[in-house]
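Chemist: Below are the chains, spelled out letter by letter.
Number of protein chains: 2
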Amino acid sequence: MSRKISRASCLMEHRVPITAYASIVGKEESEGPLGRYFDESSDDAYFGRDTWEQGEAELLHKTVKLAVKKAGISERDLDYVVAGDLLNQCVSSTYGINGLDVPYIGIYSACSTVAEGLMLGAMLTDSGLSQNLIVSTSSHFAAAERQFRFPLHYGGVRTPTAQWTCTASGAVIISAEDSPLDCADAPVIKAVTTGKIVDYGVVDASNMGAAMAPAAADTIKTFFSDTKMKPTDFDAIVTGDLGRVGTKLLHKLLEADNIDISAVHEDCGSLIFDDNVQDVHAGGSGAGCSASVLCAYFLPKLKKRELKNILFCATGALMSTTVSQQGSSIPCICHAVHISAV
Amino acid sequence: MSRKISRASCLMEHRVPITAYASIVGKEESEGPLGRYFDESSDDAYFGRDTWEQGEAELLHKTVKLAVKKAGISERDLDYVVAGDLLNQCVSSTYGINGLDVPYIGIYSACSTVAEGLMLGAMLTDSGLSQNLIVSTSSHFAAAERQFRFPLHYGGVRTPTAQWTCTASGAVIISAEDSPLDCADAPVIKAVTTGKIVDYGVVDASNMGAAMAPAAADTIKTFFSDTKMKPTDFDAIVTGDLGRVGTKLLHKLLEADNIDISAVHEDCGSLIFDDNVQDVHAGGSGAGCSASVLCAYFLPKLKKRELKNILFCATGALMSTTVSQQGSSIPCICHAVHISAV
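Going down the list, the sequences are from chains A and B. Residue numbering for the first sequence follows my numbering, beginning at 1 and increasing consecutively. Residue numbering for the second sequence follows my numbering, beginning at 1 and increasing consecutively.
The hints are simulated quantities; they were obtained by calculation from the structure and are not laboratory data. Some clues are possibly wrong.
A pair holds if it fits inside one copy or across any two, identical chains being indistinguishable in the list.
[What the hints assert, rightly or not] Straight line, CA to CA, 30 angstroms or less: simulated DSS-like cross-link-like pairs of lysine-lysine:
no. : residue 1 : residue 2
1   : 70        : 304
2   : 4         : 190
3   : 69        : 252
4   : 221       : 27
5   : 69        : 4
6   : 65        : 228
Sequences are here, hints too, so could you generate the full structure?
Modeler: Okay, here's the thing in C-alpha cells:
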C-alpha cells in the first residue's frame, strides 16, 4: 500500500486528529520556564498516596482522567489505552490504568514511550481500528532515582552529564476522522517513522544524552530520506530529553550527513528547566518529560497555528541497572512523529 | 469498519498467515513432556554468555534468528520486531534485538507478551502496514527468580502455589497475504481481543495463577460475546501459565457465566512440565512459557490440520517487586488470539 513508504515509515491515509491532551507535573517542573503551560501541578511528590511509585501511578491516572475530561467524553468512549513508563514492569501505567475498564496495550520504549504510543495509536486509528484512544506515560524523579541510581536519602552527588528525571505525565487522545471530537483546529498526525535499536557502545548510565543522540540521528535521517522532506519543512524538530550533551552530539552526527537541524531543533529536556536557577545539570529527562512538554507547549501552539509542522522525536535508553552494572553498553531508540497544524 | 466488532475485538479482513515460528528452551524444559517438540534446547543456563540476563538476551536472539532462517528470509525482509519480556526495562528483548537493524516496537504485557505481540502484529499486517514482522518474547528461570523473588543461591523454599519460570523463547513471523512466504498450510490469525486490566485484590506474588485467572475469564467471556462463537467452535482454548491453581479458578469463574471450557482447555504452564517427576509445584510460567509452547506444540498441530481452531489467551501479572513489597494487589491482563488452520 502506498501509505507504507519504507520498512520504517508510514504516511497517514486519513486525517488522524489529536483531539485532546493534558499534562500534570511536579513542583520542580512547575517552577521551570514552562511552568505556566502545564494544566496542573502538585507540590506533593506522593500525589496523595503512600509511596513514590503509587504517587507516579496516581499522577498518570489523573492525567488520563484530565485528558478524557477535556475531550468531553468518558473512558467508555475509548477503544484503547496505550501506555508504558520507566518503572520496573511499567507499574505506574498498569496501576494508573487499573480500574479504567478500557482495553490496554502495554508498551515499553523508555523515554521515547510517548512517541511509540503516538506512532502505534496513529497506525491503528488510520487503519480504522480505533475511534478514540489515549496514549499516556509518566516519570517521577524520586521513584526513578532510587530505581536506576541511588535512593535519594543517600544524598549522592550527581555527575555534570547527569539529567534530572521529571515528575511529569502527558496524555494524548487520538481520534478517527469521523469522530465527533474532531474539529478544524485539531493538530493531525501525518507520518511516523519507527526507530531501530542503535548502540554506539556508551556504557555511562549517567550520560544518557550521549547514548541516545545516535538513535535520534538515525531516525531523523531515515525520516527525511523516506519522506523526501527536509528540516526547513518544519518549524520545530523536537527531541525528548537529549539535554545539553546529547544535543551537541546530535547536531554533529547529522552534520556528517549534511542535515542541519540546528535552526529549528528544540529539546524538551532543555526547555523544561532553567539550569542557571535550577540545579538539574544536563537537563530534564524521563518518559514524562517529552510527553508533558508536547502536551503543554507544542500541541497548543499547533492548535493555535503558531507552529505549522513539528517532527516529534523522543529518544529512549533501553538498559536496566542490572545489565549496566554488568558492564553492558546502552542500546537506544528514537521514534519520529510528524504532527501538523494543517 | 465492520472488522472492528467491539471496543476490544477485531476480525481480520484479509488472510493473516503465520509463516514461520521457532522455539528454544533450557534443560528443565527439554526434559519435560514437550521436550521433543522444541526446535532446540541448551544445557547451559548462560547460553554461552557471562550472566543470566545476557544469556536470556542470547536465547531470544537465537530464537529470532532461527525463525528467520526457517522462513528462508533475512532480517532485512522484516518490517518490524515486536518484542518484550519480564526483565526490568525488557532488557532481554532490547539486548537480544540489538544489532538486527529492524524497526523495533517494544511491548510489555508480562507473561501475556506474546499474545499482545500477535494481536498488534495481526492488526498492523491486516491493515497493510507490514509485509513480514516477527513477534518474540522470552523468560529465564534464574534471571526471573533473582529479580522477582530470591537469588537462587539463597536456596529459598518455594510455596505450593508457586510456579516455575521457564527458560524459553518463542518467535512467530506474521506475513501479509501477498507475501511470498505464505503457503496453503500456514495457520492464520482470524480475530483478536484486547484485554482490560482486571484486579481481584490478590496480593500473593507466589500465587500468580489465582491473580491471573479473573483476567483470563474476562477476556474469554468478551471474546465469545463479541464474536458470537462458543467453546465448542475450538479444538483447544489455550491459556498461558495459569498452572494448576489458576486453571481451577478459571473454570469456576466461567461457570458463573455459563461458559464451559473444561473439555477443550489446555494450559501451557501445565503442559510444559510433569509435576510428578519435575518439582515445579503449580506449573510453568514466564513470558517464554506460552510463547515456546505455542511455537513448538500448537502451531505445528494447526499446520498439520491436527487442530482446526485454537483460542490462544496468554495472561500476564502486571506487578513489580517494589509495589508488591508495598502491599499492592496484582493487576492482571489477558489478550486472546483466534488462530485457525483453515
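Chemist: All the hints need checking, so say for each whether the structure fits it.
Modeler: Here's how the hints hold up against the structure:
1. 70 x 304: Intra 17 angstroms, inter 53 angstroms, cutoff 30 angstroms: intra-copy only.
2. 4 x 190: For residue 4 and residue 190, both the intra-copy (12 angstroms) and inter-copy (23 angstroms) Cα distances are at most 30 angstroms.
3. 69 x 252: Neither way: residue 69 and residue 252 sit 43 angstroms apart in one copy and 38 angstroms across, limit 30 angstroms.
4. 221 x 27: neither (36 angstroms within a copy, 44 angstroms between copies)
5. 69 x 4: between (34 angstroms within a copy, 25 angstroms between copies)
6. 65 x 228: Neither. Shortest intra-copy (39 angstroms) and inter-copy (32 angstroms) distances fail the 30 angstroms Cα cut-off.
Violation of the numbered hints given earlier is confined to hints 3, 4, 6; the remaining hints are satisfied by the structure.
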